[in-house]
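J.: Below are the chains, spelled out letter by letter.
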Amino acid sequence: MTKHEIACKQALDQLFEFIDQELPEDRRDEMQHHLHTCKSCFSRFEFERRLKEKLGGLGKGEPSSGIRDRITKLLSRL
Amino acid sequence: MAIPKKAFENQVIDLLGRMHGVARRLTRNDADAEDLVAETVARAWRALDTLEHEAAFRGWIFKILHNTFLDECRRRGARPQFEPFGCEEPEEGEVQFSIFEQMHQPFLLWFSNPEQEFLDKILRDDLDRALATLPEHYRIVVILSDLEEFSYNEIATTLAVPVGTVRSRLARARGALQKILWQQARDIGLSAAPPARHECEDGKADTPRPPTARQALRAKKDSMS
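As they're listed, the protein sequences go chains A and B. Be aware that the first sequence starts at 290, since it is given in the working numbering, and climbs by one per residue. Be aware that the second sequence starts at 259, since it is given in the working numbering, and climbs by one per residue.
Just chain A, same shape as in the assembly (with noise of 0.2 Å):
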């Protein structure tokens, strides 16, 4: 292994936290070059990563007029 290279295991392990931006630089540098040469590996991050950006679909939303309403009034009366 050279210093770049993680087993699969490590790579899972800290696998939220690449997809979540979480790692520091040194350890994001081996998750990629793991990516890069382990295909079981990338297919897991793929689905993980996809799924994530559904959920974050979810969080995308316009406020109804009736909450609107209600918080406009409430902030003039502040």
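Read the hints as simulated data drawn from the structure, not as lab findings. Among these hints, one or two may not hold up.
[Said to hold, decoys possible] To give an idea of the chain B side of the interface with chain A (calculated C-beta under 7 Å), a few residues:
1) Glu267
2) Gly275
3) His278
4) Gly279
5) Glu373
6) Leu377
7) Asp404
8) Leu405
9) Glu406
10) Tyr410
[Said to hold, decoys possible] Listing some non-contacts, in silico: residues in chain B with all C-beta distances to chain A over 10 Å:
11) Arg286
12) His311
13) Ala314
14) Leu328
15) Arg333
16) Arg334
17) Thr391
18) His395
19) Thr415
20) Ala434
21) Ala443
It should be emphasised that the depicted structure is a prediction, and the values quoted were computed from it without experimental measurement. The C-beta atom is built at its ideal place from N, Cα and C for all residues, glycine as well.
Got chain A; can you put chain B on it based on the hints?
T.: Showing chain B alone in chain A's frame:
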């Protein structure tokens, strides 16, 4: 630091859709969600002196929203699903449920990309329903991380817990969410033939039983139809 009233109003209006979305997912009820947002805004205005700088507004007001939600739960005396955050360290060898692992049963690999097909088929409503089924202490970390794109540090600040707790709770929450999604998919026939399960002789482990040839052929035929 107190920010001008106009800046406070602008921040609230900018974040209103997000706050309402999180409130709806916490309360699972439109009327309660509106009340929660209104109470949060009123409390935030009264606590404006505790805002350290305007750039921290989002985390600050979401923290107030979460605390207001918890206060309301306590007031009603109804927290059947809630477990407070404690000092949680991941257990050695702890493995979370994974749809990917479930789909990588050997016979399912006859199909091209079962996990990608699964993602193509699940709908916004399926995700919404699965998220609503999660206990509050799991739901909030998934909402803040995956829906609101908070960093682990921001989540830790919002929930007043250590970053390590956020990390371990998030891993467990995602495992629980995937388990619910997997069960939903099986209930409506979205996932291919579920792996048959049986107890090992020692009664501790639950491992997949290899499919019979007939089951495997049926699964393959179903995937092609």
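J.: Against each hint, give a clear statement of whether it holds in the structure.
T.: Consistency of the hints with the structure:
1. Glu267: Nearest chain A Cβ about 5 Å off; hint holds.
2. Gly275: Interface hint status for Gly275/B: holds (4 Å vs cutoff 7 Å).
3. His278: holds (5 Å)
4. Gly279: holds (5 Å)
5. Glu373: Holds: closest Cβ of chain A sits about 5 Å from Glu373/B, inside 7 Å.
6. Leu377: holds (5 Å)
7. Asp404: This interface hint holds because 4 Å falls under the 7 Å limit.
8. Leu405: With Cβ-Cβ at 3 Å, under 7 Å, it holds.
9. Glu406: Status holds, d = 6 Å.
10. Tyr410: Holds, about 5 Å.
11. Arg286: holds (14 Å)
12. His311: holds (20 Å)
13. Ala314: holds (19 Å)
14. Leu328: holds (21 Å)
15. Arg333: Holds, because the least Cβ-Cβ distance between Arg333/B and chain A comes to about 20 Å, which exceeds 10 Å.
16. Arg334: Non-interface label stands for Arg334/B: nearest chain A Cβ at 21 Å, farther than 10 Å.
17. Thr391: Fine: 14 Å to the nearest Cβ keeps Thr391/B off the interface.
18. His395: holds (17 Å)
19. Thr415: Holds: least Cβ distance 15 Å, greater than 10 Å.
20. Ala434: Label holds. Min Cβ-Cβ 13 Å, cutoff 10 Å.
21. Ala443: Fine: 12 Å to the nearest Cβ keeps Ala443/B off the interface.
Figure legend: structure checked against the earlier numbered hints; every hint is met.
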